[in-house]
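Could you build the full structure based on these sequences and the hints that come with them?
Residue numbers (the numbering used here), protein chains in the order written: chain R, 1166 to 1252; chain C, 1166 to 1252; chain X, 1166 to 1252; chain B, 1166 to 1252; chain W, 1166 to 1252.
Accuracy of the hints is not assured; some may be wrong.
Just so you know, same-sequence chains aren't split out, so a pair can sit in one copy or run between any two.
[As the list claims (entries may be wrong)] Dumping the calculated EDC-like pairs for lysine to aspartate or glutamate here, alpha-carbon to alpha-carbon at most 20 Å: (1) 1180 with 1232; (2) 1180 with 1248; (3) 1188 with 1233; (4) 1180 with 1231; (5) 1180 with 1247; (6) 1188 with 1173; (7) 1188 with 1231.
Please keep in mind that the hints were generated in silico from the structure rather than gathered at the bench.
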Amino acid sequence: MLVARLIDNVWATRKAESLNGLKFMLAEIIGGSSTGQRLIVVDTISAGIGDRVIICTGSSARRMLEDDDIPVDAVVVGIIDEDCNFE
Amino acid sequence: MLVARLIDNVWATRKAESLNGLKFMLAEIIGGSSTGQRLIVVDTISAGIGDRVIICTGSSARRMLEDDDIPVDAVVVGIIDEDCNFE
Amino acid sequence: MLVARLIDNVWATRKAESLNGLKFMLAEIIGGSSTGQRLIVVDTISAGIGDRVIICTGSSARRMLEDDDIPVDAVVVGIIDEDCNFE
Amino acid sequence: MLVARLIDNVWATRKAESLNGLKFMLAEIIGGSSTGQRLIVVDTISAGIGDRVIICTGSSARRMLEDDDIPVDAVVVGIIDEDCNFE
Amino acid sequence: MLVARLIDNVWATRKAESLNGLKFMLAEIIGGSSTGQRLIVVDTISAGIGDRVIICTGSSARRMLEDDDIPVDAVVVGIIDEDCNFE
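In structure tokens:
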């Protein structure tokens, strides 16, 4: 999984039918040499802008959704505790 | 998923039988440290050149197509709203 | 999918039983910031050295083969038309 | 698989229901040109901070867990012997 | 697939139960702009240190093993012929 910070919401009115109702956010990887890489993630656990989160990618990401047929490859699986400090 | 801009159409007369009828486009990742990376995507939601889109990759990409047996690993799943601004 | 140029044939006499009969080629990604990255691909549509091709990777690549149990993660799925120009 | 060093624990009180009870750690890739890339991994074999470990990623990572429906894409599959030296 | 050179053996006494009996080796990608990236691979075709090999990754890698439930994401699928020269 990746450590990322949620930096904004993403709105896409025209999208795949099966994505309706999902919340998309822009995440930026923090820490390590991939810092600054960005990806769009689906959030189902009420994370907010500014939160440090754990991102799961690939086929495993679909395990967060109720339906395995949704075209999503990155989801927020956890919000890192504020007092959890690692460089 | 990735944020990308569609920059051109891609034509391939000789291709896998199962790809006939699909629309291929060249996309370039925008934003973050992967900016400038390119990939070919399948579009099924009538996106056009210049659009900022959400790209889903890997096995999840096949969820956009009606048939799981098509050799496609990247599809457009949404068109980002024009008034959705994020740096 | 990736845009790549086929640059050579690859011969491997000692290989997995299930790979016998498959044609392996060396491909180099062209265009965008991944230019110069190389991978070995399986070709089943009679592409040749010098051709610009569309490469499908991951589990989707196995969809080009008749058997889902073959250990292959990258295949040529199309040959880009010679008069298809994109920068 | 990747060679990485475990550098810290990761705590996330708010997370996917199915992740409860799993131990998350921060790993940093060592050796080769990906050195310094970081990812969060699940450990089920009692590895500790400072250990050099073998990380398995993607759908294969779920093979370490008893349940294929858990949204995890990276796990520790082995601890490299201390006297195993490679540059 | 990737072109890599096998550079060492990797020993991990403490590892996933299902990995017992498998031979792990350290491989380094050669050629192209990913040169120098390293990964740990499983070898089942008696490759040796110094051999140039073809590496298959991801879910396809598990196709080399008899059991789809083994947490392995990279395997040697072929040994490149010594007289096969490509720049």
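Verification of the hints:
1. 1180 with 1232: Both ways: residue 1180 and residue 1232 sit 17 Å apart in one copy and 19 Å across, limit 20 Å.
2. 1180 with 1248: between (37 Å within a copy, 16 Å between copies)
3. 1188 with 1233: The answer is within: 17 Å in one copy meets 20 Å, while 25 Å across copies does not.
4. 1180 with 1231: both (19 Å within a copy, 16 Å between copies)
5. 1180 with 1247: between (34 Å within a copy, 14 Å between copies)
6. 1188 with 1173: within (11 Å within a copy, 29 Å between copies)
7. 1188 with 1231: Only inside one copy: residue 1188 and residue 1231 sit 14 Å apart there, 24 Å across copies, limit 20 Å.
Of the hints listed earlier, there is not a single one the structure fails to meet.
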